[in-house]
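Asks: Now for the letters of each chain:
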Amino acid sequence: MRWTIEDTPERAAFREQVRGWLRENLPAGWADAIESGDADKLDQARKSWDFFGWSRTIGMSGYGAPLWPKEYGGLSGEPWMQNITREELARYRLPTVGLNILGVGLAGPTLIAHGNEEQKKRYLQKILTSEEVWCQLFSEPGSGSDLASAGARATRSNGEYIINGQKVWTSIAQMSHFGMLLARTDPDVPKHDGLSYFIVDMKSPGVDIRPLKQITGSSEFNEVYFNDVRIPAENLVGVEGDGWRVARTTLMNERVALSGLSLDSAAFAGGTRKDPWALFVDSIPNREDGRVRQFIAKSYVEKEVKEITQFRANMARMSGAQPGPEGGVTKVYNAEFNKWRSNGIMNANGPAAVAWDHGDSDSENRAHAFLRARANSIEGGTSEILRTQMGERILGLPREPEVDKGIPWKEIKRS
Amino acid sequence: MRWTIEDTPERAAFREQVRGWLRENLPAGWADAIESGDADKLDQARKSWDFFGWSRTIGMSGYGAPLWPKEYGGLSGEPWMQNITREELARYRLPTVGLNILGVGLAGPTLIAHGNEEQKKRYLQKILTSEEVWCQLFSEPGSGSDLASAGARATRSNGEYIINGQKVWTSIAQMSHFGMLLARTDPDVPKHDGLSYFIVDMKSPGVDIRPLKQITGSSEFNEVYFNDVRIPAENLVGVEGDGWRVARTTLMNERVALSGLSLDSAAFAGGTRKDPWALFVDSIPNREDGRVRQFIAKSYVEKEVKEITQFRANMARMSGAQPGPEGGVTKVYNAEFNKWRSNGIMNANGPAAVAWDHGDSDSENRAHAFLRARANSIEGGTSEILRTQMGERILGLPREPEVDKGIPWKEIKRS
Amino acid sequence: MSTFGFTEEQNELRSTAARFLEEKSSSADVRRLMETSEGFDEATWKQIADLGWTGMAIPEEYGGVGFGFVELTVLMEEMGKKLFCAPYFSSVILATNAILNAGTEDQKKELLPGIADGTTRAALAFVEPSGKWEVDSAEVTANGGKISGTKSYVVDGATANLLIVSAKSGNGISLYVVDPDAEGVTRTALQTLDMTRKQAKIEFNNTPAKLLGEEGAGTAALQKTLEQAACLLSAEMVGGAQACLDASTTYAKERYQFGRPIGSFQAIKHKCANMLMEVEMARSAAYYAGWAAAEDPEELSLAASLAKAYCSDAFFHAAAENIQIHGGIGFTWEHDAHLYFRRAKSDEIYLGDATYHRELVAQKLGV
Amino acid sequence: MSTFGFTEEQNELRSTAARFLEEKSSSADVRRLMETSEGFDEATWKQIADLGWTGMAIPEEYGGVGFGFVELTVLMEEMGKKLFCAPYFSSVILATNAILNAGTEDQKKELLPGIADGTTRAALAFVEPSGKWEVDSAEVTANGGKISGTKSYVVDGATANLLIVSAKSGNGISLYVVDPDAEGVTRTALQTLDMTRKQAKIEFNNTPAKLLGEEGAGTAALQKTLEQAACLLSAEMVGGAQACLDASTTYAKERYQFGRPIGSFQAIKHKCANMLMEVEMARSAAYYAGWAAAEDPEELSLAASLAKAYCSDAFFHAAAENIQIHGGIGFTWEHDAHLYFRRAKSDEIYLGDATYHRELVAQKLGV
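For the record, the sequence lines run as chains A, B, C and D. Mapping the first sequence onto the numbering used here, position 14 (from 1) lands on 14, and the numbers just tick up by one. Mapping the second sequence onto the numbering used here, position 15 (from 1) lands on 15, and the numbers just tick up by one. Mapping the third sequence onto the numbering used here, position 105 (from 1) lands on 105, and the numbers just tick up by one. Mapping the fourth sequence onto the numbering used here, position 69 (from 1) lands on 69, and the numbers just tick up by one.
Don't read these hints as lab results, they were simulated from the structure. The C-beta atom is built at its ideal place from N, Cα and C for all residues, glycine as well. Fair warning: there could be bad hints in the mix.
Said to hold, decoys possible - Pairwise CB distance ranges (calculated):
1) B:359 / D:250: 52 to 62 angstroms
2) A:410 / B:117: 50 to 60 angstroms
3) B:359 / C:134: 24 to 34 angstroms
4) D:250 / C:19: 50 to 60 angstroms
5) B:276 / A:407: 52 to 62 angstroms
6) C:68 / B:276: 44 to 54 angstroms
When you get a sec, could you build the whole thing from the sequences and use the hints?
Replies: This is the structure:
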């Protein structure tokens, strides 16, 4: 995809400003290595790379979140500024965000939209610098697609909330300082009305984090148990009972993140040596076979249309559109495409794809990618749930009869 | 598929009996032509073929419907007898049923199950001989998938019912003597409870039959309008208000018919010259291309598994199983397969598939088959409705909430 | 999603086109014209010429409006939505680009003004009864200013008043300008699955033909012409697919079964969602192709095959689902679902189907 | 649908097998064994030998029970349902049939009784690091009673106490009997996606090898062996697919979201219905293949490819949908969904995937 849009003079000026800032603030040799395309030089520069230092630097610069208000570490900028900073960071093969993907991507926008002044002051700047890392505590074993049926209890008592219950599918819980917690403050009202949204200190007594092993064999996620965990009342975001509305801001931003609109970390990992497409083609044997060629070409076509669509969505975003349900379109497409493609790579490699020498990392990675892809259509909203949302929110199709509508949460049938 | 089951002695004897009857009753030269495999002889025999005469002959013999009671023209036989007669008829490239596919396949079983003694005596034998041809009057413009919501009214008055309304998708309405009519006798009760099932004389005043042109350009079906059509009360099948239960017998038998379990007419049409598979392969150019070979081979595989499954189901039927919801499995499979395959044939033929010389009947037939196939997943129950039934009736999955449950028919929302 | 990448002027063109086509290309219009042998309405054709559509991408020095492929993308998408019956794809897209790509300056000045003002309706005869889309598969021969042989699948070939024909001589493939009324020309209308777009077989028997541009330069010029046409046919397919999605969505909201709109059932809702997804992706591919045709000559070839591959499948799928969602009514002649379905199949196959273009993608990527 | 075509004795065998496996091949058993390097339980292996399973299709004169492929079909289907961890496919299916197809009378008498009574666990080494399934692609060489070269993807190759190896000499491909403890044999366990079925790479360096049957007759014997194995692997896949369908259906009834069981939503219900349809079709293919292996030598080859093509896709699809229907829980290590998914991918690829077998179908049909 070579579609580019010429900068207006205003945008060109901003781009120059970002670029100038980058050249000044990057580790020695980095800008050089990129601009000259010298992979060895970049490897050298990477060796002396201080990830935490960089996170602080960009976090303080405002370029990490141009849309955020100036007083909380952003630039109070326009949507197009975000695109330009991302493009420039990608050009220099740098991640926009450090460790704190969920903090910057989800917690920040949620606090900006629904937090009070104290909360914004307390948390936002440290999110940007990755000094305080955040995780998300929404899903529960019994509440997956139906997030609003979450049952973790938050009971108010003497200016505190006491939390009991279990969350699951929590990434980077161990490394996190704070969590975005959705918990039930009132079980006697319909499910959407009895939820509240909290900031929880992950180091609080009673927070028990257990790695959850997935089908890949790795433990990318955790289960988090809450046993009488105390949260001060000032950590309530928005008002009690209004947690679902707050959570939806988080979810919309999550969908955008998962729809592939901010894949800059891939660019960072990719390095300058070989682009991902060339790596993909190299991984396929028998490329002279017409059937294999169809697979390769279809992969290209699907990848391209996805990227072009993301580009179009990004451009729309530049004109100021808020993330809406159409993030679901690319999210579902991405998921189904990635499952299809990773499976095709396996078949193309025949028996070598399913049995390999111990320590053969190419084969391990291929198998891992194949297994990992299955989660793409589950995490962050199943493809089925998102298709329903696309049908209802974009196409305006009527909803299904809701059997739990208007029923107190505690009386809703559950497994 | 070469799977065969050896006959038990009892079955072998019956087979011999059928074969002997056929040899005696077939037109001159026919049995010879088949047994010698001489296509020209068969063509000769066909020229002097008296279709109506044959319908009468087989209809009187009992072999047309071995399962039907003897007193109504059948053999009071076992299910395996039906399989054997069908196999032998197919072997001699003869249709089991004459014109009266719906009469023998649907009306007969329904009357046997739900008709009274007078009705059975009056109608069954003439169904078998095709002297009286039947059609089905269930679907309406506003009631397709939801057949039980049919709105054609039947009002009782002086020992008669007066019918008003419209039916649609009626095959061979013009040629039919009688119709199986589902009509609403009570709009004030829930939809399933207010239906009744009638035998309607298609020559009655007020029956207006209009051919319905389909996307193929031909008019295989009709719309049938009823304007104050009078039906004597003795033509009610079962009791008033119990029509849905009666109709379900018809529908189950319809699904079996459409699932490809009785494709004997294809064998009849096919002749001895070339089998359908060879004709299919011949219709595909570029057979050396690996991608085209995949299409051909997949067509073979899918056709075979379908036929083997039908064979298994037939064998199960021989042990006496009644047609149940599993007919839907092969019906859906058939429909999706036929759509997929007829589309693939088009692509394989490139521009010649979409533009051809006037009068080029091969191309016309290919295009017609392609268009006609789209109805396969609609007629006799859409693939969506049948998947729901498979899920609920075979797998025992729970039903969806029914918003029209228990509501008087007249108050149900409709388009 | 938004229709990114268009100027206000282009958006205005889209609105005008939509309004015009709403009025002039109703279902009744389409059905009336598809039953005629010429397949279009002279008066409407005159009107779109007056609107500048027939000269939209023809440079001003050749009598055109001087816009480009992005404007053609807009028009083709809108025409595709309404199955507009006119020799637009044949004359304004295929033949015009062949002349622009192959013709000499003088020939452009001679031939293009007529196309721009609508008086010339040209057709491009490049494929033959073999049905091969490769431009160098031409077997029609050119010799001493005469051509002989048979072309087929010529869009609007029976009604065009100017023919551009590919033929081979000792120097390879060249394009020729042929008067359809010249001696030795026999035109036979074909029966088409898509009745809204006519095709013809054309036999040449020692027919006088004027070389268009240089002898032997036909392969490159024709190749580029077909790539440009693939981009624009993709836009037409996006319009058609969108129309199917719109029809399905509307029907799914209106049609009640089991006491509720069928669009409230997941089976139907998810079909519509998948259509939406594919239509959006197809739109991306077609807009990108239109942009490449206009702005990026190096990218044109790949973008054209990419768009043709994706949009062919997406439109066919949308048209097929549209019938299924409509159920029985979608299977009637009176409902428009089959007209889109026929167009989808025809567009899918024309210029090569998705399988064909994926192989081209692989080649163009050097796989 | 019914399980047509089995005798009462065969149905009884199925019930016994199901009961035995229910007890001996629980999820906990499978998980325990898959973490071991040998991958099976000696005691259980002894028990199935006592039940006659290891000699099920070995003629009585060679120490077996004397049944045939239909009985093996039944057992493989039931084992597939429970992911039974044992060298059954390797020893009782692959190696046994290689010996039956290639061996001399004396060799059968020598080698088969040990397999039948379970003391011999044989493995068939026929594919090499190239990963080609064609039997004549062997590059391991045989010369003067010694073989050299590398085999790979040998099921249970690291634990077998008898190896049957294909190798080429001047007279073509032959099969050889090799003692895994002989000199020059190096066995290396491979890491496998499907941890419930082990594979190994085996290097031979001037290893003594006894010719099995006639020299040069290996191609035909091996071909037939792989066709028989494809039939039975298809039966295993049907069992696996059925287990996935069962798990999905059960979960869809039990799991509530939005106040109702997820199986009441069409999105889930229709997925289950599609799985049911494909499982039924796969069952037809596998039973037919089992019948052909038992009864119709002329049909075996085509039936084997037909079944392998269909069942490979059906099992993979069922295993993938099973994860999706289970949502997050289906993506955990603790849930068995991934064990079936891994098996499905491995079975799909082993002996050639659906694409490979469809090409064979085309060849066998003379297309």
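Asks: Go through the numbered hints given earlier and state which of them the structure violates, listing their numbers in rising order.
Replies: No numbers; nothing is violated.
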